[in-house]
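Engineer: This is what each chain is made of:
2 protein chains.
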Amino acid sequence: MMRKTYKPAFFLACRLGSTIYQQTYLKISKLNMSVSNHVQSASPAKILTYESINPHVKRVEYAVRGELAIRAEQIKDELSKENSHNYDFDAVVNCNIGNPQQLKQKPITFFRQVASLTEYPDLLLPENREQVEALYPTDAIERAQKLLKEIGSVGAYSHSQGIHYIRNNVAKFIEERDGYPANPNDIFLTQGASAGVQAVLQLIITHSNVGIMIPIPQYPLYTATLALYDAQPVPYYLNEEEDWGLDLSQLASSLSVGRSKGLDVRALVIINPGNPTGQCLTEHNMREIVDFCHNEHIVLLADEVYQTNIYQPDERPFHSFKKVIRSMGKKYERFELFSFHSVSKGMIGECGRRGGYYECTNIDSRIIEELYKMASVSLCPNVQGQIMVDLMVQPPKRGDKSYTSYQKELNEIYESLRRRSMKLSECFNQLEGVTCNNAQGSMYLFPQLRLPQKAIEAAHQAGKKPDEFYCLAMLDATGVCVVPGSGFGQKNGTWHFRSTFLPPEELLDGFCIKLQKFHNEFLEKYCD
Amino acid sequence: MMRKTYKPAFFLACRLGSTIYQQTYLKISKLNMSVSNHVQSASPAKILTYESINPHVKRVEYAVRGELAIRAEQIKDELSKENSHNYDFDAVVNCNIGNPQQLKQKPITFFRQVASLTEYPDLLLPENREQVEALYPTDAIERAQKLLKEIGSVGAYSHSQGIHYIRNNVAKFIEERDGYPANPNDIFLTQGASAGVQAVLQLIITHSNVGIMIPIPQYPLYTATLALYDAQPVPYYLNEEEDWGLDLSQLASSLSVGRSKGLDVRALVIINPGNPTGQCLTEHNMREIVDFCHNEHIVLLADEVYQTNIYQPDERPFHSFKKVIRSMGKKYERFELFSFHSVSKGMIGECGRRGGYYECTNIDSRIIEELYKMASVSLCPNVQGQIMVDLMVQPPKRGDKSYTSYQKELNEIYESLRRRSMKLSECFNQLEGVTCNNAQGSMYLFPQLRLPQKAIEAAHQAGKKPDEFYCLAMLDATGVCVVPGSGFGQKNGTWHFRSTFLPPEELLDGFCIKLQKFHNEFLEKYCD
Chain C
1 MMRKTYKPAF
11 FLACRLGSTI
21 YQQTYLKISK
31 LNMSVSNHVQ
41 SASPAKILTY
51 ESINPHVKRV
61 EYAVRGELAI
71 RAEQIKDELS
81 KENSHNYDFD
91 AVVNCNIGNP
101 QQLKQKPITF
111 FRQVASLTEY
121 PDLLLPENRE
131 QVEALYPTDA
141 IERAQKLLKE
151 IGSVGAYSHS
161 QGIHYIRNNV
171 AKFIEERDGY
181 PANPNDIFLT
191 QGASAGVQAV
201 LQLIITHSNV
211 GIMIPIPQYP
221 LYTATLALYD
231 AQPVPYYLNE
241 EEDWGLDLSQ
251 LASSLSVGRS
261 KGLDVRALVI
271 INPGNPTGQC
281 LTEHNMREIV
291 DFCHNEHIVL
301 LADEVYQTNI
311 YQPDERPFHS
321 FKKVIRSMGK
331 KYERFELFSF
341 HSVSKGMIGE
351 CGRRGGYYEC
361 TNIDSRIIEE
371 LYKMASVSLC
381 PNVQGQIMVD
391 LMVQPPKRGD
401 KSYTSYQKEL
411 NEIYESLRRR
421 SMKLSECFNQ
431 LEGVTCNNAQ
441 GSMYLFPQLR
451 LPQKAIEAAH
461 QAGKKPDEFY
471 CLAMLDATGV
481 CVVPGSGFGQ
491 KNGTWHFRST
501 FLPPEELLDG
511 FCIKLQKFHN
521 EFLEKYCD
Chain Y
1 MMRKTYKPAF
11 FLACRLGSTI
21 YQQTYLKISK
31 LNMSVSNHVQ
41 SASPAKILTY
51 ESINPHVKRV
61 EYAVRGELAI
71 RAEQIKDELS
81 KENSHNYDFD
91 AVVNCNIGNP
101 QQLKQKPITF
111 FRQVASLTEY
121 PDLLLPENRE
131 QVEALYPTDA
141 IERAQKLLKE
151 IGSVGAYSHS
161 QGIHYIRNNV
171 AKFIEERDGY
181 PANPNDIFLT
191 QGASAGVQAV
201 LQLIITHSNV
211 GIMIPIPQYP
221 LYTATLALYD
231 AQPVPYYLNE
241 EEDWGLDLSQ
251 LASSLSVGRS
261 KGLDVRALVI
271 INPGNPTGQC
281 LTEHNMREIV
291 DFCHNEHIVL
301 LADEVYQTNI
311 YQPDERPFHS
321 FKKVIRSMGK
331 KYERFELFSF
341 HSVSKGMIGE
351 CGRRGGYYEC
361 TNIDSRIIEE
371 LYKMASVSLC
381 PNVQGQIMVD
391 LMVQPPKRGD
401 KSYTSYQKEL
411 NEIYESLRRR
421 SMKLSECFNQ
431 LEGVTCNNAQ
441 GSMYLFPQLR
451 LPQKAIEAAH
461 QAGKKPDEFY
471 CLAMLDATGV
481 CVVPGSGFGQ
491 KNGTWHFRST
501 FLPPEELLDG
511 FCIKLQKFHN
521 EFLEKYCD
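Protein chains in written order, with full-length UniProt numbering: chain C, 1 to 528; chain Y, 1 to 528.
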């Protein structure tokens with residue numbers, strides 16, 4: 001079997017903020033060769049070997065569930081199996097992934113009541129009315145009836161683009177949020193926002209010379225998808241000193257670098273509020289971005305899944321790009337935009353549901369047809385995910401029986417998240433050599449680590465990136481699993497990690513004390 | 001903007017059993033040119049035009065939800081809106097897609113009871129016990145408790161490969177079915193079988209010269225996925241005269257044609273029981289196929305989603321490829337196989353759920369790691385889909401409270417499906433010029449149409465394939481929506497359509513009468 005020669009594009013795609021990728025590549029090459037030797041000697045040889053599979057798949061990296069997460073799973077296993085263990089903690093706390101209900105966040109009761117009723121329609125029969133009314137509020141019963149009337153059965157394939165009735169409700173929600181019209185035919189319900197992002201990027205990417213502008217740091221879905229579809233990331237750096245703000249000059253210079261490499265730069269990804277960085281864009285900044293895309297003939301992808309995770313609502317409210325564009329007048333009336341939203345985030349946190357949507361603004365009808373055709377190949381998004389989208393965009397209204405309890409649950413989660421974000425950033429800022437911006441939005445903090453030279457050397461000796469080395473040590477010492485900054489990209493020579501602030505408040509104090517202890521010991525061990 | 005030149009591979013991929021593809025291509029080229037002109041004249045120009053998007057996406061065809069299905073939706077809309085309409089029917093019957101619950105098949109009660117309870121865990125609190133026991137059987141309550149204990153919340157992301165507890169149960173199910181061990185680490189839970197097929201093909205396809213052997217007729221997921229990932233279908237024809245049987249000589253000649261074109265033929269897809277053709281392979285035939293793959297160094301993909309839709313259980317029982325391979329002894333102990341299953345089919349029919357799994361047999365551990373990494377990028381399959389997989393592989397057992405009612409529901413659906421398959425194939429066989437094999441398995445019949453020359457000419461004049469022309473006329477006359485054979489591939493010069501036999505029995509007689517009338521009128525209109 002011949003070794004494939006990788007084109008230079010491979011290096012370009014993977015050398016985001018670190019040269020470690022190249023080392024990894026060399027390591028993989030050696031492994032490939034040994035696999036290849038093995039194939040030649042053993043009999044019968046495997047047909048599918050690491051060497052012989054899709055190189056684009058191999059290039060994909062996804063740190064959120066990478067080495068740290070795998071190590072965390074191992075420790076969990078050890079903790080569950082062994083009576084006596086060697087850890088200073090009794091449980092692993094997964095701060096590596098925005099998964100609120102895994103960390104005991106209670107689901108919104110009304111939403112689950114409706115889901116429960118739609119699963120078992122016999123509950124809606126007149127003969128069960130009395131018992132069911134003792135367990136479910138009447139507005140949940142009415143909502144389930146309405147949904148089943150529109151849907152038929154949650155066990156049937158729906159329209160591939162999503163149930164029309166629900167897309168209609170999404171359009172109304174967008175209209176109310178933005179004050180501008182929305183068309184249900186431009187809305188696609190999806191299995192979470194990620195599936196939508198992948199569908200749109202798959203469509204836009206035509207060849208390996210296509211460039212997609214992405215923020216650094218970024219959510220690794222983007223680099224993973226670009227690697228898979230063989231396109232080139234064109235990174236622009238967020239400004240850590242300015243609360244991870246977006247400087248327009250960065251966009252311009254990033255684009256110019258991309259174009260000077262001969263890339264066909266077709267789209268710009270904005271994650272607002274930011275992941276992993278938690279910033280929230282001002283309206284002024286958004287107008288600049290729109291103007292930039294307009295002048296440069298670039299499509300905008302707006303990842304707005306954290307639109308309700310806003311912790312400084314007066315200074316930094318959320319604005320959707322759709323609204324900002326519509327408010328900018330006639331010159332921008334054909335501006336092409338894809339906006340993504342999800343039921344996994346906000347106060348809902350229904351990640352396991354896999355529900356979301358994207359809205360196409362000013363996208364050509366033939367492109368919509370192609371997106372619809374591709375959605376058809378996967379048949380339809382799961383119907384309970386679609387129902388959760390309906391509940392997100394049409395929660396109980398004032399006067400509804402469940403309104404008060406819904407608002408109470410929502411506010412409690414919101415206030416608690418805000419408190420936790422403050423508490424955790426204070427904790428990080430108290431660590432020697434660590435600085436951390438407050439979260440304006442989203443579910444994450446992205447503190448910067450200044451590591452002693454000896455720690456960096458020890459990391460290199462262990463074959464790890466320095467932030468990865470620190471995070472692995474943190475996991476072993478505290479049970480807290482975070483994601484190294486290198487998984488998201490960061491300025492050369494800087495080191496970070498991403499942590500959610502989702503652990504329950506009663507755990508956070510203990511977490512901070514353990515972290516302080518670990519950090520001091522780590523610095524002591526590796527002091528220069 | 002420059003027009004892209006398509007490589008010859010495009011034609012190879014799309015010219016399956018018909019030259020119409022080429023006509024379509026020419027039509028598209030013309031449209032592209034007009035779009036291109038438009039781009040040059042209008043201002044501001046669209047960035048995303050049909051011309052400028054991924055050509056592989058454009059190549060994808062998916063007939064199950066193609067023109068016929070879109071026309072059916074339009075008619076549905078008209079029927080719902082207009083008081084007086086011009087149709088001889090009051091409802092559209094969707095026989096184009098295997099979607100049992102859309103056609104009023106009742107879900108399995110026990111499965112839905114468990115799903116309902118897991119959605120709303122407050123129902124499991126002691127204070128609600130009495131009311132809940134009045135509505136749910138105790139074994140459903142116990143199962144929901146067990147699942148929630150293992151899962152936590154259905155709203156949390158699970159392990160990307162699927163919940164370990166459920167994969168363990170899938171492994172036990174496979175062991176009991178086959179009598180050979182299965183490993184939960186080799187099992188991936190998926191959003192329906194389609195997602196699994198796509199994940200595996202994405203991995204196997206390394207370049208545009210990879211060939212994948214697929215049956216003709218085939219389920220169009222396969223050609224769609226090959227077009228998208230830019231690989232070449234290597235078609236082998238099923239033998240209509242022998243109940244759509246698989247001749248080994250066909251495999252050999254198909255492979256040799258593929259290889260003579262310079263293709264790197266890496267995998268063989270078998271759909272068993274067949275879709276759209278309904279055949280069920282004999283164990284002898286399966287051994288021949290395994291031997292063929294072994295000798296030719298080809299990976300086997302076994303699409304076994306219809307494994308319980310077996311209507312001649314004595315003559316044609318279902319055997320899994322996993323079992324057959326294991327029974328063939330040491331020579332085949334490293335045979336590489338992927339097997340796919342789903343909750344959408346069988347007697348369960350929970351299509352809207354998007355649940356399924358695939359099992360990797362003898363797949364290299366590094367390949368499994370790559371599949372796991374790719375699953376991580378999509379985070380996890382939806383949890384209710386995973387729960388339905390658990391229920392499918394662990395239904396109520398003898399002695400359980402719900403066992404009798406579960407068995408009764410299952411048998412009623414099964415017997416009714418079998419009766420309907422017979423009734424519909426009789427109906428088709430009574431039509432002049434139509435012949436139809438009985439279904440040994442699956443949910444479909446694939447009758448052959450012998451059309452008068454005048455009908456073929458009329459179709460060509462209308463820019464339609466003859467079977468498409470016939471099916472559109474059938475839809476307009478009867479309200480029954482089927483899929484033209486050209487969407488699945490068929491021998492040159494033959495014409496078919498695929499129809500599910502899922503309409504309720506009380507509708508089927510009326511359907512047959514309307515069809516007979518339409519068919520006679522069609523033949524009369526176009527008699528030679």
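Hints are supplied without guarantee of correctness; some may be wrong.
Same chains, same label: a pair holds when it works inside one copy or across any pair of copies.
Straight line, CA to CA, 25 Å or less: simulated BS3-like cross-link-like pairs of lysine-lysine [said to hold, decoys possible]:
id, residue 1, residue 2
1, K149, K491
2, K172, K323
3, K172, K322
4, K76, K408
5, K373, K58
6, K261, K373
7, K408, K149
8, K146, K104
9, K454, K76
10, K58, K464
11, K149, K76
12, K172, K76
13, K146, K464
14, K397, K525
15, K491, K146
16, K149, K81
17, K491, K104
18, K423, K401
Source of the hints: derived by calculation from the structure; they are not laboratory data.
Everything numeric in this text was worked out from a predicted model, so none of it was measured.
Engineer: None of the hints should be skipped; say for each whether it holds.
Structural biologist: Hint check results:
no.	hint	verdict
1	K149 with K491	neither (53 Å within a copy, 43 Å between copies)
2	K172 with K323	within (14 Å within a copy, 53 Å between copies)
3	K172 with K322	within (14 Å within a copy, 50 Å between copies)
4	K76 with K408	neither (34 Å within a copy, 42 Å between copies)
5	K373 with K58	between (28 Å within a copy, 9 Å between copies)
6	K261 with K373	neither (34 Å within a copy, 30 Å between copies)
7	K408 with K149	neither (29 Å within a copy, 27 Å between copies)
8	K146 with K104	between (30 Å within a copy, 18 Å between copies)
9	K454 with K76	neither (30 Å within a copy, 71 Å between copies)
10	K58 with K464	within (19 Å within a copy, 42 Å between copies)
11	K149 with K76	between (44 Å within a copy, 16 Å between copies)
12	K172 with K76	between (44 Å within a copy, 24 Å between copies)
13	K146 with K464	neither (55 Å within a copy, 40 Å between copies)
14	K397 with K525	neither (57 Å within a copy, 59 Å between copies)
15	K491 with K146	neither (52 Å within a copy, 47 Å between copies)
16	K149 with K81	between (48 Å within a copy, 17 Å between copies)
17	K491 with K104	neither (34 Å within a copy, 58 Å between copies)
18	K423 with K401	neither (35 Å within a copy, 51 Å between copies)
In summary, the structure is inconsistent with hints 1, 4, 6, 7, 9, 13, 14, 15, 17, 18 from the numbered list given earlier, while agreeing with the others.
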